[in-house]
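With the hints as constraints, model all of the structure from the sequences given.
If you read the sequences in order, they're chains F and L.
The numbering used here puts the first residue of the first sequence at 279, with every later residue one more than the last.
The numbering used here puts the first residue of the second sequence at 56, with every later residue one more than the last.
FYI, nobody ran anything at the bench for these hints, they're computed from the structure.
It cannot be assumed that every hint is accurate.
Unchecked claim - Simulated restraints on C-beta separations: (1) F:Ile530 to L:Glu190: 20 to 30 Å; (2) F:Ile547 to L:Glu193: 50 to 60 Å; (3) L:Phe180 to F:Leu477: 27 to 37 Å; (4) F:Ala490 to L:Lys281: 56 to 66 Å; (5) F:Leu519 to L:Asp196: 21 to 31 Å; (6) F:Asn494 to L:Glu193: 22 to 32 Å; (7) F:Leu527 to L:Phe251: 51 to 61 Å; (8) F:Ile395 to L:Asp236: 39 to 49 Å; (9) F:Lys376 to L:Gln297: 51 to 61 Å.
Given the structure is predicted, the values throughout are model-derived calculations rather than measurements.
Even glycine gets a Cβ: it sits at the ideal position worked out from N, Cα and C.
Letter by letter, the chains look like this.
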Amino acid sequence: MKYFKNFYKYRYLLAEIVRKNIKLQYRNSVLGIFWTFLQPLLTTIVLVLIFGGVFGRKDASLVNYPIYLLCGRLIYEFYTQSTKRAMRSIRNSASVIKKVYVPKYIYPLSNVIANFITFLISLLVLVCFIVFFYFFSDQPPHITPYVFLSPVPVIILLILSIGVGLILCTLEVFFKDIEYLYEVFCMLLFYMTPIIYTLDTLNIQMKWVKMALMANPLYSIIEMFRDCVLFGEMININHLLYSLGFSILTVIIGLWAFYKKQDKFILHI
Amino acid sequence: MAKPAIVVDNMSMMFNLNKEKVDNLKEYFIKLVTRKLHFTEFWALNDISFTVEKGDRVGVLGFNGAGKSTLLKVIAGVLKPTKGSVKVSGVIAPMLELGAGFDMNYSGKENIYLYGATMGYSRKFIEEKYDEIVEFSELGDFIDVPVKNYSSGMRARLGFAIATAVEPEILILDEVLSVGDAKFRQKSEAKIRSMFDKGITVLFVSHSTQQVLNICNKAIILEKGKLIAQGDAKEICDKYNQMVKGGK
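Encoded structure:
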């Protein structure tokens, strides 16, 4: 109860920092907030040009390669950007934390939320892609009423990012090395998640490799999202339960670690 | 009898002083395995107890390293005491450093809202105070310039203007009146004094007994983390002046 009251008091701060992060991200760039669309659009075009020939052959299970790729990339990009920024948030706000009392979780939380808002804006690119390919191509995405389930994976993704962000920022205060390690991990994650390929085209023989790839919660989230907006199918219930359970568990671990260690932050930053 | 504004009860603050700073995994494990993680305990504050009633203005005196800033940080809630407790009732405006909540890339105007939110105030509330803040800070057209281009005096003026405009119940000032020019010092002293009528509680750290006498009615002296004297401002300032002479 005490925590909720405190959160309620500092809700303005949360809003202000979210606003600040979004404003400052694109300040001084000529195109400004427009980059939220342009960046995923251009990178997706590059990836389609490079990998389209290899993985994007007319494959019925894929339906539409550019949309398939964009779904994965948008979700991956949000996850990595928000967790990386949350990880650095405590150290970046050291000057404030050392001088004024503020609930410290506001910083990782506001960074994830700021990124979430730009992510939602960048989803407009996906809408454009879907509309374009629906009307002007021979591989239209299967749009069914299941498209309205698409917020489900998005919300699970948000929960996962908050949890991972809390864990990472707690670790980062004590061991700065985690920044570099996580950078490498994110690169590995990009290739381990079926973003540019499908699990089936890899044709993996060894069962444990396939299991390891499927244990990735990001895989479940991306698959669910594709089910909704591309394949037009019902969400796979196993994916839903697994990713939701995994996300809630990371939030619990994150909160526990954060609350246990937050009084020591000031001595290390 | 109203509840006292600040109650500090047998409070101690201990820091681990490790000789080398360990901030990466490799070093940490090597030292953990070789048992070289030596810490020396350092008690910055030792068993401090005092009470500040509502409306009191307490000057905190002491030499460098006596624990004044640590005491204020504990009261502001930035540090958590190792032992004992600190109870504060009322809205606190901590000014351990003027403009600590500022974002350098943000303009003065945007920082007013950000700083207000850092203290827990809504955008709407700050909007009402906006004109007053800009006027007091004397920034004029500079209010739309990023704070990174401000001089330290301008930054201090803006920080002071925001922290006092929101009418806090407890004001914590850590040598903040020693920055800025004489005109600003006078103006801010006058501002603080004008807030006395509203029953504001002030904690004031300064090395100048003159400033303490100007503002405070009570005072305490800290020496090496211990509270060695408390009482009437005049009496304590005399004692402090003697300590300064005696030390030489």
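Going down the list of hints, with the structure as the test:
1. Taken as a hint, the range 20 to 30 Å is violated for the pair Ile530 of chain F and Glu190 of chain L, whose Cβ atoms sit roughly 49 Å apart.
2. Between Ile547 of chain F and Glu193 of chain L the C-beta distance comes to about 33 Å, which lies outside the given range of 50 to 60 Å.
3. Taken as a hint, the range 27 to 37 Å is violated for the pair Phe180 of chain L and Leu477 of chain F, whose Cβ atoms sit roughly 54 Å apart.
4. Range check, Ala490 of chain F to Lys281 of chain L: about 60 Å between beta-carbon atoms, so the 56 to 66 Å window is met.
5. At roughly 59 Å, the beta-carbon separation of Leu519 of chain F and Asp196 of chain L lies outside the given 21 to 31 Å, and the hint is violated.
6. At about 57 Å, the CB distance of Asn494 of chain F to Glu193 of chain L disagrees with the hint of 22 to 32 Å.
7. Separated by about 54 Å at the C-beta atoms, Leu527 of chain F and Phe251 of chain L satisfy the suggested range of 51 to 61 Å.
8. Hint check: Ile395 of chain F to Asp236 of chain L, Cβ distance near 43 Å, so the stated range 39 to 49 Å holds.
9. A C-beta distance of roughly 34 Å is found between Lys376 of chain F and Gln297 of chain L, which places it outside the suggested range of 51 to 61 Å.
In the structure shown, a violation is registered for the earlier hints numbered 1, 2, 3, 5, 6, 9, in ascending order.
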